[in-house]
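Undergrad: Here is how the chains run, residue by residue.
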Amino acid sequence: MKGSGPPVATVLVASTVALTSSSSAEVQHVSFSTTSSNQVDMVIVPATTGQMGVLPGHVATIAEFKPGVLSVHEGSETTKYFVSSGFVFIHANSFADIITVKAVPLDRINANLVQKRLVDFTLKLS
Amino acid sequence: MAMAALRREGRRFAPLISPRPISAVRSSPIVPTHEYEGPIGVRYISTQVVRNRMKSVKNIQKITKAMKMVAASKLRAVQTKAENSRGLWQPFTALLGDLPSVDVKKNVVVTISSDKGLCGGINSTSVKISKGIYKLNSGPEKETKYVILGEKAKAQLIRDSKKDIELIITELQKNPLSYTQVSVLADEILKNVEYDALRIVFNKFHSVVSFVPTVSTVLSPEIVERESESGGKLGELDSYEVEGGETKGEILQNLAEFQFSCVMFNAVLENACSEQGARMSAMDSSSRNAGDMLDRLTLTYNRTRQASITTELIEIISGASALEG
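Heads up: the protein sequence lines correspond to chains A and B, in order. Sequential numbering from 1 applies to the first sequence in our numbering. Sequential numbering from 1001 applies to the second sequence in our numbering.
No wet-lab data here; the hints were simulated from the structure.
Below, simulated DSS-like cross-link-like pairs (lysine-lysine); rule was C-alpha separation at most 25 Å, straight line:
#, chain 1, residue 1, chain 2, residue 2
1, A, Lys-124, B, Lys-1174
2, B, Lys-1135, B, Lys-1162
3, B, Lys-1191, A, Lys-66
The following residues of chain A were derived to be distant from chain B, with all beta-carbon distances above 10 Å:
#, residue
4, Val-69
5, Thr-78
6, Thr-122
We put the CB at the ideal spot given by N, CA and C, even for glycine.
Just chain B, same shape as in the assembly (with noise of 0.2 Å):
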């Protein structure tokens, strides 16, 4: 398009070898083709373009400043909350454990991820690790079934596993996250998937730049009976005594069913808190980045007015003396 327009107007595009340094021009990227070095005399491009691309550089400035601003609060109201869960689970893990290298026949995966993007990439990350659970859980008379929350792991995982995904689950956040949510979601995974181990994969959110890929396990009440035989970890869990129901099976069944409400309620909270501290280091990489753009174009667009400048001065002061004579 460029080449054409030169060509239109008569004028040759100069060898790419130029005498004078144009190393500062051609190093942005971002400076269209159309800038180019000519023998002395001929116009420069006008600056309109570089003017405008300024323009939305800046603005593109603006509104990742402003989304980091504001993930940087959304942020600070889901940290207690997720702080404040993380007790939740703990009684339950000093008691049953968390044992990721049990082997059972049915494995399901429960990914965590985000509805909305421009998050970094925590998403991939977990998709990264649930596929790796996939992969590592495979063998004869096994079974790995993926269950999903949030909009951006469904993307991905629906690619090449869709047969393997029993249940997706998106907009989460659309309510401010609550118990009461997180215990229906529950409910409905547990009823509707067969499992005896279920591995929750979520981000973990450690502090503002540092979220930690996490995979939580939650045993089936037939596989921790199981375990308990065999000794181990769950050794002890035979001493102890179950009080109520009618069967100590009964009673299990609640508690698993209670730990995984609980472990999927701090999972979804620790999650959102990463998405948000990514949201904000990422808008913050891309301010910056902005930041610099701007930099750059602004000396070229200087560059380019002074060198216009000059060329008219050239013009006038050849013409004026060519009239004297």
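Chain A with its partners taken away, still in its complex shape (with noise of 0.2 Å):
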């Protein structure tokens, strides 16, 4: 939706995280760093009040995020990360940094080995 001001400038802040798990192999570690900065037209954050629409022009917001699925959309393209909690500030000049200690692309996740691990964290916290 350009044509409101310039498009949002995305900065996606994230580290690795090493999961002290036995079989850490499988879970997939992505860090971003600093460099992952680009131009992209709307991002859906999941707040802890719900679903936030950031677009070009939003006012300056603080706001924090639940572990859920934040998607960027560029032009006709969306790609999902899911994030763990983090904090999102939104700059007055149309810039927002999104700060979360993990975040993987979607499509690198398998749901049946997500599932599995969960079972198993299941049970050993209880």
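Got two chains here, each in a separate frame; can you build the complex from them with the hints?
TA: The following block contains the structure:
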């Protein structure tokens, strides 16, 4: 939705988290650091108050988000990431900083594996 | 001990001033003092002592070279992690700024150091800076407390600041460093220590030869409010809408805690890199010194050996010529 100001530039910032589990080779690690800065049209953030859409010209905001799916819309393509909780700073000049500990592109996540690990860890916790 | 041995054999310790140049022998400080110059005809001490010394110096050289290689490989492993983690705290600093000159009542100095030694002077510089911050922030109604990470800082700070230490955490690098571990640590610190400003002292890794001691300041939410109201760097913070949660204060509290754990994560990684880099250069200069020492010892050894051969020859020849008469 270009036209109402410069497109939102997203700086996605995350870091790798080494899960200390026995088969951590199957878990995908993604580390972005400073460079993942690109111009996009919209970002949907899983804020604590619900899904928040960030468009160019959004008012300056600090928001906390819970673990969920972050989707980055650029033109007609959408890239979805699973993010652990973190913060998003939306600055007045249409820059958004998304800071999270872990961000994994959805296509790298294997659903069956996740279910299995969920069961394993729930057992370990109880 | 040497003098007694000489006296036992009925020899005299020759005067230090001798017609022949003995500067080479005297200048090597490691040559034991029972190396002496005597009148012609006196036997020199056996070369065994010098040989033993050479063997041990050679071993030390090998060990320090190996330690340097190990440190280099560990450095490579941690360096990528540290560089990637730099991006974690940059948005926080962009938003909230880093104000080391902020004036608060309760300061907490988090000193990050290594557990193992032989890493040059980095731990001493960290402790020096921590003590400097303590002095800087001392005054009426103000208090400064220490939180110590690592054995080396603990050893140095426990001597004179024992009553100001709140928490000591050691054996950080037993498991490879990860965010979860550091966040648990940060949680502990935040729970047990009251603070207005947290000052994290660590060595920032610029390159393999340069480690700069740095202080990162994390403010508590109340101080952030106070600073933003008084204008200045944080003045624009008010213009940000705070989404979610019951109150703005709750979100800001979470923000401060998250900022602290991100900054700690980066600080711990950078310090680990600096430690390995410092160890590399310390071991490198150590093996170079050992090499120099070995060269000097070799010269001494050869000189001693040749002198004893010459003495034997002289004895034989003078004996033979005496027989001929």
